[in-house]
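J.: The lines below spell out each chain.
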Amino acid sequence: MPKPRTMAKPGKILLEVEQLEVLFKTRDGVVRAVNKLDFSMVSGETLAIVGESGSGKSQTALAIMKLLAANGKARGSAKFYGRNLLEMTATEINEVRGEHIAMIFQDPTSSLNPYMTIEEQMLEILVRHRQMSRKDARLRALEMLTQVDIPDPERRIRQYPHEYSGGMQQRVLIAMGLLCQPELLIADEPTTALDVTVQDQIKRLMRELKEKSNTSILLITHDLGVVAGLADKVLVMYAGQLVECAPVDEIFYRPRHPYTAALLKAVPRLDHVGDYDMHPIPGNPPNLLNLPTGCPFRTRCAEAFDACHEMPVVREVTPGHSLRCHLDGGALK
Amino acid sequence: MLNYSLRRLAWAFPTLLLLITVAFFMIRVAPGGPFDSEKNLPAEIEQNLNAKYHLDEPLVQQYFRYLGQILRFDFGPSFQYRDWTVNQLIAKGFPVSLSIGALAMLLSFTLGTGIGTIAALRQNSILDHGLMGFAMLGISIPNFVIAPLLILVISVYMGWLPSGGWEWHWRNMVLPVITLAMPVTAYIARLMRGSMIEVLHSDFIRTARAKGLSEITVIRRHAMKPALLPVISFMGPALAGLITGSVVIEKIFAIPGIGSFFVQGAMNRDYTLVMGVVIFYGALIILFNFLVDLIYAWLNPRIHYK
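Quick note, the sequences are listed as chains L and H, same order.
Taking the working numbering, the leading residue of the first sequence gets 265, the next gets one more, and so forth.
Taking the working numbering, the leading residue of the second sequence gets 6, the next gets one more, and so forth.
Read the hints as simulated data drawn from the structure, not as lab findings.
Note that beta-carbon positions come from the ideal geometry of N, C-alpha and C, so glycine has one too.
No false leads were slipped in.
Just so you have them, the derived chain L footprint on chain H, three or more residues with Cβ under 8 angstroms:
| # | region |
| --- | --- |
| 1 | 215-224 |
| 2 | 292-306 |
Selected chain H positions facing chain L (Cβ under 7 angstroms, derived; list incomplete):
| # | residue |
| --- | --- |
| 3 | Phe209 |
| 4 | Arg211 |
| 5 | His227 |
| 6 | Lys230 |
Simulated crosslink set (SDA-like; lysine to any residue; CA at most 20 angstroms straight-line):
| # | chain 1 | residue 1 | chain 2 | residue 2 |
| --- | --- | --- | --- | --- |
| 7 | H | Lys230 | L | Thr373 |
| 8 | H | Lys230 | L | Gln423 |
| 9 | L | Lys289 | H | Ser130 |
| 10 | L | Lys289 | H | Asn129 |
| 11 | H | Lys230 | L | Met380 |
| 12 | L | Lys337 | H | Asn129 |
| 13 | H | Lys230 | L | Glu384 |
| 14 | L | Lys300 | L | His590 |
| 15 | L | Lys337 | H | Gln128 |
| 16 | L | Lys467 | L | Tyr428 |
| 17 | H | Lys230 | L | Arg422 |
| 18 | L | Lys399 | L | Gln445 |
| 19 | H | Lys230 | L | Ser374 |
| 20 | H | Lys57 | H | Asp79 |
| 21 | H | Lys230 | L | Pro378 |
| 22 | H | Lys97 | H | Trp175 |
| 23 | L | Lys337 | H | Ser130 |
| 24 | L | Lys337 | H | Leu205 |
| 25 | L | Lys289 | H | His206 |
| 26 | L | Lys337 | H | His206 |
| 27 | L | Lys337 | H | Leu126 |
| 28 | H | Lys230 | L | Tyr424 |
| 29 | L | Lys337 | H | Glu220 |
| 30 | L | Lys300 | L | Glu285 |
| 31 | L | Lys337 | H | Arg211 |
| 32 | H | Lys230 | H | Arg307 |
| 33 | L | Lys289 | H | Gln128 |
Next comes chain L alone, as it looks inside the complex (with noise of 0.2 angstroms):
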């Protein structure tokens, strides 16, 4: 299928992130849910961003698509082409949405619409972007959900979400996502409202469509197995910053940020059954209201010291590797 964009080689710039802010009014003050964070993709990468849950992974994905709740506002840019996401109009990045950057989400059950059809709810993604008939627009349904492995798509079609189970499900969902196929596949937590069996299928049906397609992932999880199986580069984030970024083996391999090393650490293990402890984080993570002066992190850091009550710059360490501390890490292992 042939497509008019601005396309792809590999090495080209495609998202450029830049001091992007996420900032939420409640009756409690201003949320600063993620500060000042940059970051960047060229095409065919595929990005993981990691970090507790209320650390601004998955706000910093919903910005990009300008799918922030009401009381959401992002600040800075992300630039996608060059083309400044943040600034669009409704019509423009409605252009954007579904054909060149698509969506997936935590919960396949609550995302599909339970009162239409699998076929509907593909249709109209290519009946509005490539004004395709409804007859074309079924066959490469069809071939998608072959892709993803839904078995007699032909009848599956027809059906109601409610008839799939949850990894189907989300298949569905990401079929829909590569309807169109976009330049960037955004999935948020795609695999945290499923079973463990399931989240495996996804994984590897992710792996595959990563092998074959030139789509760029930006994968939002806390699942640091999914991460090492299908991540090129690693983006840590802690209280709506960047704390590292990596390419995946230094991110597993030499962590250098505290944190890192402490969530690595933190994954529990197979291979050490018995004797075993387990190794969490002690401590919370900190309430965005009222962040610690300086690092962030530093009231569960074990390495925290006096120069930590100053907020570290982010500084590159070794070319490709980012990390904002104090330490530069090498004592850390």
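Assemble the complex: chain L is given as a structure, and chain H must be docked to it using the hints.
T.: Below, chain H without anything else, positioned relative to chain L:
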């Protein structure tokens, strides 16, 4: 589905029987009778009347006689409107009440869902507060206040429409329909606003927006159906109430509907008339609740009646 419909229909009979039984004995328990008046009738005349209408029989015998009549769809003669049977009274008055009630419901539904949707889309704006303020007024001002006000302004000052009376002409319908529709519109608007706001916050609406659909398409294709469900379930019983007429409106606008029979029949101990309208109203409620269930199943694919 057919199976379910038949079963629902079958259940209507015991329900109606219970309604008939309770109503039959309750109205007879009430002190006084249909032929009591300030002047005492001569004993022979009263006896003759009672004999003619079988009121001298034991109550249980009267009850079964009445059930027999009902099976032949015969509600018997009215005690108060001599020369009229209850069937004739209903046949004459119901088309009037039906047309006014149905028009009022049509108006309330279109206006109410429209206003509710607009208010939901502009949630907490001045427009929203204004519309909901008006809706609150519409609910809280009683129709016996609205009706005379409308008559005063539209009929007396402006002279645009008749102040009352009945002909089969739209001019005679406008004011009663508006009066009847006002509180229902307001109620539907509030209901619709609430459910639309709730639906607009659901995940599948976010998915629809992420597809790049315009806001209008999102509302029309994705949000409308689920938002309408609570309105539909309100409308069934409400419609039964509207088309059986309103005493107040029939009195104020001098409309020959069947609404006033409910009150007059009870006041006059017109046993057959009371029974007639109660059974009629009950049957309509059962019917409309059934229709609402069918519409529900049609709107919501997750519902399967077995």
